[in-house]
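K.L.:
Residue numbers (the numbering used here), protein chains in the order written: chain A, 1 to 541; chain B, 1 to 287; chain C, 1 to 341.
Source of the hints: derived by calculation from the structure; they are not laboratory data. On a predicted model such as this, the values are computed, not experimentally measured, just so you know. Incorrect hints may have been included.
Computed Cβ-Cβ distance ranges for the label pairs, DEER-style [said to hold, decoys possible]:
no., chain 1, residue 1, chain 2, residue 2, range
1, C, S234, A, H245, 50 to 58 Å
2, A, G324, C, I70, 41 to 49 Å
3, A, R288, C, S234, 46 to 54 Å
4, C, I12, A, R137, 41 to 49 Å
These stretches of chain C come out as covered by chain A in the derived footprint (C-beta under 8 Å, 3 or more residues) [as the list claims (entries may be wrong)]:
no., stretch
5, 228 to 242
6, 249 to 261
Ideal Cβ positions, reconstructed from N, Cα and C, are used throughout, including at glycine.
Read off the chains here:
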Amino acid sequence: MLSVTNLAVRFQTRRGPVDALKGVNLEVASGEILGVVGESGSGKSVTAYSIMRLLEAGGKVVDGTVRYGGVDLSDPSENQMGNIRGREISMIFQNPRAALNPIRRVGDQIGDVLRRHARATRTTAKAEAIKALEAVRIRDAAARVDAYPFELSGGMCQRVVIALALACDPKLLIMDEPTTGLDITTQKAVMDLVADLIRDRGMSAILITHDLGLASGYCDRIMVMRDGEVVERGTPLSLFTAPDHPYTRRLIDATPRLGARIRELLPVEARTPMPERRVENEPLLEVRNLVKTFPSRSGPVHAVRDVSFTIRKGQTLGLVGESGCGKSTTSSMVVRLLDPTSGQIIFRGEDLAATPASRFARDPRRARIQMVFQDATDSLNPRHTSRQTIAEPLRRLGTGASNDRIAELADLVGLPLPLLDRFPHQLSGGQKARVGIARAIALDPDLLILDEPTAALDVSIQAIVLNLLIDLQARLGISYLFVTHDLNVVRLLCDQVIVMQGGAIVEQGPAEQVMRNPATAYTRSLVAAAPQPPALGDAAQ
Amino acid sequence: MSVTTASPGTFSHIGYVLRGNPVTLLSFVMFAILIIAAVLGPVLVPYDPLASEAANALQPPSWAHWFGTDNLGRDVFSRVVTATRLDLMISISAVTLSLMAGSVLGAVAGYWGGWLDAVLNRVMDTIMAFPLFVLAMGIVAALGNTVENIVYATAVINTPFYARLVRAEVNIRREAGFVHAAKLAGNSDIRVLAMHIFPNALPPMMVQMSLNLGWAILNAAGLSFIGLGVRPPTAEWGIMVAEGANFIVSGEWWLAVFPGLALMFAVFTFNLMGDGLRDIVDPRQRT
Amino acid sequence: MSPRLRGILFRIAQAIPVVIGVVIIGFVLTRALPGDPAVYFAGAAADAASIAEIRKTLGLDLPLPQQFLIYVGDLLRGDFGQSISTGQPVTADLANRLPASLELTLVALLLSCAIAIPLGVMAATRPGSLIDHACRVLVTAGVSLPTFFTGVVLIYLFYYLLGIAPSPLGRLDFIYIEPDRITGFYLIDSALAGDGETFLAALRQLVLPAVTLALFTLAPIARMTRAAMLGALSADFVRTARAAGLTGRTVRYTYAFRNALLPVVTTLGMVFSFTLGANVLVEKVFAWPGIGSYAVEALVVSDYAAVQGFVLAMAFLFVALNLLIDVTYTLIDPRIGFEAS
């Protein structure tokens with residue numbers, strides 16, 4: 001149905017031409033879902049955009065043919081492409097809220113597409129738009145048709161984007177990271193919906209994702225891309241049982257999954273023995289009845305309601321939940337960036353909540369609790385070199401920043417010394433994460449709050465960073481409070497886990513037990529929604 | 001020990017920015033010409049800018065008088081060059097004042113928010129509620145016709161731009177990861193604001209500054225054009241255009257055109273410099 | 001109450017402290033003006049006693065806070081005081097002269113919007129093209145133009161050299177008779193009176209000053225239009241619209257341009273403020289009998305009430321215009337009322 005041969009795309013950049021695609025071949029048969037998997041920069045999205053001829057300025061298809069249903073689309077006119085887009089091939093995107101026109105009613109936006117492809121007239125557009133919304137199972141579609149995107153939730157916006165894409169019954173749907181940024185349960189609901197619609201309408205689809213687990217759950221065939229080339233293709237089962245290409249092997253290994261241990265995320269040759277780790281019985285941190293209420297015009301918002309937990313010396317506690325569950329507010333209070341409304345934060349026997357956050361910066365205990373931030377890019381001052389960043393806590397709270405100490409820290413986190421004099425924009429994502437970790441451990445803290453430290457990283461980098469964290473913990477005896485939405489990562493790293501919902505703890509216990517036998521319905525739904533790649537990769541070893 | 005000051009790479013970085021963008025290079029060359037005229041102008045010019053010579057009045061441009069002579073027989077070229085110092089001084093001091101005031105106010109409002117922010121916003125709204133040139137007219141008229149008062153008036157009307165810009169830049173970074181990280185590293189709020197947040201607002205401020213230098217010079221010239229501020233017979237571009245305007249209808253164009261062109265040259269230079277200044281203070285432009 | 005209506009009311013409420021601030025600044029400015037009005041009114045032959053007498057009748061002997069209250073009371077009754085130089089009530093003077101300034105400003109703004117907005121849109125839709133470069137040159141050069149200088153050069157070119165423009169003295173050549181006053185706008189009044197000849201004469205007088213002002217406002221409008229349009233065109237929702245097959249026209253206008261309008265409308269408010277300021281200069285160059293030249297004359301003789309009236313009129317005009325812009329904004333952007341709450 002769709003066949004792409006030898007597709008090559010080149011971008012003109014300020015530093016000369018960059019080949020984003022180097023001869024990509026792909027075929028999508030009727031009724032098939034093809035997964036395109038790769039890490040950032042692999043060219044998976046560029047492939048989709050060049051099929052749709054939606055490349056940004058500066059990008060150009062330099063070679064190759066695209067045939068769709070027997071028609072050659074290698075060099076289409078804008079008019080020809082306009083008739084194909086939306087009617088024959090549709091596309092949905094990540095970040096659904098931004099994908100909709102913010103100042104136009106969603107019904108009008110769907111109506112625009114229907115009228116463009118002569119599926120409706122000015123008078124019937126609204127009724128047809130309601131039908132399109134009903135098709136994606138939006139309840140009360142007749143009311144929602146008049147809503148603006150900002151009035152809808154993220155998951156609802158993605159349904160609208162799907163309705164818009166499917167309004168004119170296209171034969172092929174291209175999905176570019178359709179669930180990135182959505183909560184895990186919403187992700188499952190959206191993906192299940194799309195999969196149903198594709199099956200019911202006998203469509204074909206291309207799913208572009210960085211998540212091998214997601215691709216293997218929904219695709220008939222998967223192709224793995226790296227650096228603008230296809231390295232391997234096959235069914236999910238064949239890929240996981242017998243990957244041919246070493247890169248596929250590495251990618252599969254690095255994907256957190258049931259039954260795998262943390263060292264097994266690394267390539268075989270990098271799997272050093274797990275270091276000894278000592279968890280002591282003595283509690284390091286006791287949080288008692290922590291409450292945070294924010295005032296707002298529509299009444300108080302209870303962000304955290306009566307949360308209590310304990311972290312022992314050398315232990316890792318996972319804090320899990322979907323967005324808005326209060327996990328970030330809790331961790332901000334523990335790290336003393338935010339004052340609790342009530343409750344105690346007892347750290348080595350002293351109540352830290354007694355010192356206001358605004359005065360805590362100059363408190364001697366400041367050095368004992370540090371944090372690794374979610375977005376490494378955002379957490380580094382763009383004007384500071386790595387050296388300045390790592391030196392900052394040493395200079396303010398320590399005994400001074402000697403070059404020896406900075407070099408030692410860089411060595412600990414595996415940051416090559418020449419990178420110390422670079423600015424953040426000159427570093428890769430993994431390197432930035434290492435700088436952030438080096439800064440956090442510079443003062444030998446007792447407790448480190450890890451706020452989704454790998455959320456923005458590719459899986460192979462995530463595997464390395466997670467292992468680095470485990471090694472550091474064993475070496476320095478730090479306790480971790482690990483905040484995340486990714487249950488597969490929790491299972492790898494945490495001893496204990498807390499599941500939060502609506503500001504309260506719904507379940508807590510040993511990580512393995514909570515993951516295997518969740519006691520509450522909410523935890524069960526979270527565990528069920530986490531994509532699981534086939535657990536056969538290990539069997540093939 | 002300062003962390004953010006010039007590393008050895010600063011000068012090579014400036015060189016890199018200048019080489020990378022010919023427009024920036026051009027604007028810096030133009031700026032150098034203005035500075036030379038301002039510093040050395042009074043020494044270099046062929047005639048005394050104030051010496052009138054009635055016999056030689058209203059002569060068109062010639063070899064002796066490149067820009068011609070005015071109605072009192074003064075050499076227009078000498079007057080135009082001499083005026084550079086006064087005009088540059090007014091605009092640079094006014095912009096420096098408003099930059100400092102606006103930065104402090106905007107940073108404080110953007111970082112702490114609350115009632116302080118609300119009050120500042122209303123005050124800035126009130127200043128901006130006047131057509132700015134009209135407000136400057138009022139201030140100079142009320143305080144008296146002096147060069148310093150032109151500087152103060154210009155500073156007052158430019159302050160809201162910086163205050164708003166800095167406030168916005170500080171506000172979007174208030175919750176940034178690196179700001180939290182700086183607090184965790186033991187920085188007090190004021191240190192975080194001064195050493196971590198504020199320097200990051202510099203690149204857009206450079207662009208604003210270059211635009212404002214242009215406005216400031218136009219504003220000062222406009223005030224003297226309507227008879228406020230600088231008084232004749234001082235050589236100043238605005239006054240010279242105003243005086244020359246009386247002769248334009250009878251065809252003596254050089255009286256008004258040369259000082260006007262000088263004014264345009266200065267404003268144009270400042271406007272062109274904006275992007276270059278931004279690139280110099282922006283570490284992300286480093287490779 | 002609908003969130004949108006609440007947004008509008010909230011915006012109006014926000015303007016109240018600004019209006020209070022404007023009144024205070026107007027009061028302070030005029031009290032600080034050099035010169036003593038009592039001396040002026042008393043005349044050249046007055047002795048100290050009669051000056052004190054007049055000071056008392058004018059209320060100038062009272063403490064400042066009390067003077068301020070009296071002044072606010074007068075303002076509320078619509079009494080702006082009496083101009084020293086014209087001997088007329090300031091309100092009458094302003095009413096007389098405001099239409100001249102507004103006519104000039106509005107024609108100039110219409111002219112520059114009609115050129116700058118399409119130019120900015122074209123530059124943004126064809127980046128790197130000739131028109132894009134032309135737009136960038138115009139934008140940088142345009143902000144460098146001193147209005148009074150542009151005016152002088154235009155007079156030299158079109159009046160002295162080419163002789164196609166009328167002499168730059170006011171709104172109407174002296175051989176024509178002013179049209180009957182209905183709106184005070186000569187163009188509208190003469191058109192209403194069906195007097196084509198006067199209409200053309202008024203238009204001929206208006207062209208040069210309007211072009212001078214328009215050249216000044218072209219740059220910021222074109223620049224903001226281009227930037228806003230570029231931003232909108234690279235937004236995700238434009239990509240969605242294109243991926244759904246919508247035509248280039250629909251994408252550009254219904255999707256990108258409408259979103260780009262929001263920042264452009266905001267810029268217009270700013271530009272209007274600049275234009276009112278620049279008006280003062282242009283009116284002086286072209287001897288235009290608007291409130292700008294009225295203010296310049298008043299400043300020269302320290303005409304207290306007139307300056308105060310002018311400053312307040314300008315500020316109130318501007319506050320009202322900003323309100324109008326914000327309300328327009330609320331009508332274009334459905335999100336506004338919700339953000340405010």
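K.L.:
Against each hint, give a clear statement of whether it holds in the structure.
P.N.:
Hints, verified against the model:
1. With their beta carbons about 36 Å apart, S234/C and H245/A fall outside the hinted range of 50 to 58 Å.
2. Checked against the hint of 41 to 49 Å, the C-beta distance between G324/A and I70/C comes to roughly 57 Å, which is inconsistent with it.
3. Checked against the hint of 46 to 54 Å, the C-beta distance between R288/A and S234/C comes to roughly 50 Å, which is consistent with it.
4. The hinted window of 41 to 49 Å between I12/C and R137/A holds, with their beta carbons roughly 43 Å apart.
5. Taking a C-beta to C-beta cut-off of 8 Å, the stretch 228 to 242 of chain C contributes 8 residues in contact with chain A, enough for the three needed, and the coverage statement holds.
6. Check on the stretch 249 to 261 of chain C: 5 of its residues sit with their Cβ under 8 Å from a Cβ of chain A, so the three-residue criterion for coverage holds.
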